[in-house]
Amino acid sequence: MTTLLGVPIRVRDTVYGNLYIADKEAGVFTGEDEDLVTALASAAGVAIENARLYERLRQATEEFQRRLLPDLPTLPGLELEARYQPSTEVPRIGGDWYDLIRLPDQVPCLMVGDVMGHGLEAATVMSQISNMLRVIAFDQQEPPSRVLHRLDDALHQLHGGPLATVVIARLEPAQAGGRIMRWSSAGHLPPLVATPGRCRHLPEEIGLPLGVDLGAPRPDHECRLSAGATVLLHTDGLVEERGHPIDDGMRQAAAAAAHHAVDPLPELCEALLAQRQDAFHDDVALLAARLTA
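For the sequence shown, the positions run 1 to 293 when my numbering is used.
These aren't lab readings, by the way, just hints derived from the structure by calculation.
Dumping the calculated SDA-like pairs for lysine to any residue here, alpha-carbon to alpha-carbon at most 20 Å:
1. Lys-24 to Val-7
2. Lys-24 to Ala-41
3. Lys-24 to Asp-35
4. Lys-24 to Ala-39
5. Lys-24 to Thr-3
6. Lys-24 to Glu-34
7. Lys-24 to Leu-5
8. Lys-24 to Thr-38
Per label pair, the in silico range of CB-to-CB distance:
9. Asp-213 to Val-46: 44 to 54 Å
10. Tyr-54 to Thr-74: 34 to 44 Å
11. Gly-243 to Gly-77: 38 to 48 Å
Note that CB positions come from ideal geometry on N, CA and C, so glycine has one too.
Throw the hints in and build the complete structure from the sequences for me.
Shown next, in the form of structure tokens:
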């Protein structure tokens, strides 16, 4: 004789399916059997509901993060492209960001940063820092190092000095043509500059991260750029891989950028992300600017 016991997999008024067991060896199913299967179905329903709630939360937090990132302006003499790649690990939201503003003297100012930590707290702090940096950079025509000093001081006074890294670069017109990139870094990876036949992370000294030492020196650097050169600012998620030195990741990114240095900018950005083979242990913010004149 065939015996069958089935109960719905239900959470509140939502039925996700049914759980069946059949052909009990020792006779027919009892009330105790039904209680056991009902408990199993209830646990399965809760697990399914939690998974669905987590997926909705993940989608909402990723959308929140993307809405914090700006639309890139259209600027003469520059082609611009940006990417944000969330981590493939939980939580899929963090403190990486990119930004670009046109200063009152019409000079483009590129900014990329990374707040320590993950989750909504890091994303909220990131939003505060990026907005403050926009205002400070726009307010006065100062060297990038001075902008970082003022940002560090303001964060210390208002928020207790959260730990973050930032790189800021001004693309100023050069009298002989092209542009001069004046940049400074607060503990952030240096710019990656790609030209036909050559690609490298600039080797100059970087300062301490924000939130470490208000009195620490922050050096300024400059690099002359010709038409066709591409400046890439990125967070460490692009080059970090567990168990490998970050220098290896930087060399791999430089090699990928060199291979695609003359490709359209969207293809270059996608190639840089693709060289990670979809294994992103950290968020990635990537901002690319190519000189067209």
